[in-house]
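Participant: This is what each chain is made of:
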Amino acid sequence: MDAVQFLQNLLNGISIGSVYAIFALGYTLVFSILGIINFAHGAVFTLGAYLTYSLAVGQFGIGGILADLQIPFQLSFPLSLLIGAILSGVAGVVVERCAFRPLRFRGADPLLALVSSLGVALVTVNVIQYLVGSEIYSFPSDVYGDIRPAFVLHFGEKLVVIRTVQIIIFAVSIVVLALLGYLISWTRIGKALRAVAENASTASLLGINVDRFILYTFFLSGFLGGMAGSLVGTSFGIAGPYFGVAYGLKGLAVIVMGGLGSIPGAVLGGMVIGLAEAFVPADYSAYKEAVAFAFLFVVLLVRPQGLLGRSQIQKV
Amino acid sequence: MEEFLQNYGFLLVTLVQQSLLAMSLYFPLSAGQLSLASPGFYALGGYVAAIMATADYFAPWRDALGWAIFPLEWLIAGLVSALLAFLVGVPALRLRGIYLALATIAFVEILRVVCLNLAITGGAIGIFGIPQLFESRWGYIWIFGPLLVITLIFSYRLDRSRVGRAFKAIREDELAAGAMGINPTHYKVLSFVIGAVLAGIVGAMSAPFLNTWNARQGTFDASISYLAYVLIGGGRSLWGPMLGAVLLASLPELLRPLKDARLIINGMVLVIASIYLPFGIAGALQRLKLSTLKRYASLRGGR
Amino acid sequence: MSVILEAHRLSRSFGGLRAVNAVSFAVEEGEIFGLIGPNGAGKTTLFNLMTGLTPVSSGTFTFRGTQLTGLPPHRIAGLGIGRTFQNIRLFKGLSALENVKISQHTRTVTGLFGGIIGSKTSRLEEIAVEEKGWEILKLVGLADRATEIAANFSYGEQRRLEIARALALDPKVLLLDEPAAGMNAAEKQSLTAFIREVRDLYNLTVVLIEHHVPLVMGLCDRIAVLNFGELIAVGSPEEVQKNPAVIEAYLGAE
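Chains as they are written, first to last, in numbering that gives the first Met the number 0: chain X, 0 to 315; chain H, 0 to 302; chain Y, 0 to 253.
Hints in this document: simulated from the structure, not taken from any laboratory. We put the beta carbon where it would ideally sit given N, CA and C, even for glycine. Please note: incorrect hints may appear among the correct ones.
Far from chain H, some chain X residues (derived; all Cβ distances over 10 Å) [as the list claims (entries may be wrong)]:
1. L9
2. V114
3. F218
4. S234
Restraint ranges, calculated between C-beta atoms of paired labels, are given here [said to hold, decoys possible]:
5. Y295(H) <-> A192(Y): 39 to 47 Å
6. A180(Y) <-> R103(X): 54 to 62 Å
7. P256(H) <-> L68(X): 52 to 60 Å
8. R95(H) <-> A244(Y): 40 to 48 Å
9. R195(Y) <-> N198(X): 38 to 46 Å
10. L16(Y) <-> Y295(H): 22 to 30 Å
Same shape as in the complex, but just chain X (with noise of 0.2 Å):
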């Protein structure tokens, strides 16, 4: 590999892995909360992408009953995504009403929350493929208004190739992070989830209405993983109902990385796992589906605690 290839894969895996860390934090604000996995939060990614090329593009094709819908009005590409995301985030709430709240009130097990946030996700995947059926949706490329497509660094002979949609990711995700960093660590909202995440019932104790915040976390997480599926559908087109799948697993790979529940670690294992990726040489590429959890694997074995988690001393 050479500098300019080198140059290449690096631009490629920053706004990748920027996403994954948008992803992810979804998935650990949860995780922080509850100490449980959210398996709806992959279909969270999809619904948000699809509500996004609705607002913006709001054409659908040949299969399922709003096939050859014209939604009367397109929305411009910034505030499709600000309103997808925020959309996505009320299906997060919903998420938590149906699949977590009822589990917690009665006491069950925490693995039922497995199984029934995975029902969650197997109805709204299955509904968004029941109206809008399981064509492939491409956002077009002029979504985001008269700009090139493209910039081309030219090194030589060598080219170096950056899509304006991986810049517009990078950017929205990056702005996206620090506003979130602001809302934990500077905000009382934030100050009031972190004490919810140490202790759930210590906060109650201190007069935090816990469910409430749960309820915040549960929007944030799905603002974060609609705002994740939306770039990535403009990036790469929505492949089917089912195409937050692959991402909703590669997730589990990124927030077990960087610790489970660790915020910080999120953000690296984002960024560690969309790099990895971006460099698997080209003659290997069908195995880069696998580089995330070869990655989680090891991980798993040496560092249980992912790189910033804290270990936890068992209490006897």
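Following the hints, put chains H and Y in place on chain X, whose structure we already have.
Facilitator: Same frame as chain X, but now just chains H and Y:
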């Protein structure tokens, strides 16, 4: 009868097969280990059988052994699964709870991508035209049925033996089990290997049953389906996994008239069952029995 | 009398905190040895070091001359050291009988297939395990509730069941972590008699952690006092009671 089997034979065999896969997840769970690796071993076993049944290399074996190649396939699938389970299990079973579940998901995914890309596993297309053991789909009940009976007897006997008690002790409290002289690593790996061998054999039997074998046989979705069977059937009872598998696996078939909506209903059933049957169907029945007994006892003036 | 347990400069630190610091003592065969000290003195940590649940930072611990440091808990249990836990750790979802059957693990050998096919050894073992289980439950007075799950038992009964479970291990040494915690005066009285009884019946050596000073003074042959992870006194109850360092540790701590 003939017509009934024609229509429902495949479904009935599938229910037995899914019950077996649920049992493969139940064994590690009976030692407190949440392993989602079953689909990986299932896929592996299927590939072993499919390769032995179709590859040119094995042609002389097939000619020499005749039908006996099938039991040999099951044996080898079981052995390969046991070996791989041991290699994966020894490091992975140091992990607890959700971490182990994630490691096993990673194992399944890695195996899937590898099988998708190797020439010997037929790449993305997979292996097709696998020779049949029986003339009809229904015929496969004669291998899956006995395997289920053996597995249930195995599980029943295990529950009442020294090794089964060690499993239960680890499930209840791993640390206390260690302090009572039980080697947790040993028995955790053993429970994992038992589940893997079962899944591997079921895979090897399923390859001819399904006629084709590809990387879609071992996926994350399947992992969660099996987990749902066990939890919704009842993870603490011998009959629970089977009960859950029969109900949930027949659901898509029962809902077939609903066409596309059936997967939506299927998802809803998972949610509703998780909420209203937290101890599974077997657990709910057990409670019902206990409360009825209590009422009976109180009527008679007992304690 | 000969030495059965010997700790030599046993130490353990968590981060910067020295929970147990260079503790040395020897326990004689057949005695009832008390371990007392204010809260946070490192008593339970010492038990965990002795049973392999917590790895030692430095120092050694031997049982009849066999080095135990570095061995995993199940091996230490297998050599004949049984214990109870301060915050009861029974197999709560299982019956009392199953609890005492489980800890006969190291005294039996039936493997996976022997148990499944019901080999002769396994059947004989099962009968013996069952009998011994009942015998021990009778001893602790829980035989009439043998098939009830442990979680349904009262606090005092759970403590007794935990001792029963440790006894089923057929130990040479019994480590009891606050066996009288949460018991009323009458229960404490009968516990004292009970501990003596099992010691005599099974030729045990007993090491116990206890807060209730009169119980320790009345029961133990010798007592070791820990304070801030260090051993400040060892001796007979009378000697320890008069020791100025002990008096200061207790008065200063309260």
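Participant: So which of the earlier hints does this model not fit?
Facilitator: Of the numbered hints, 2, 6, 7 and 10 do not hold.
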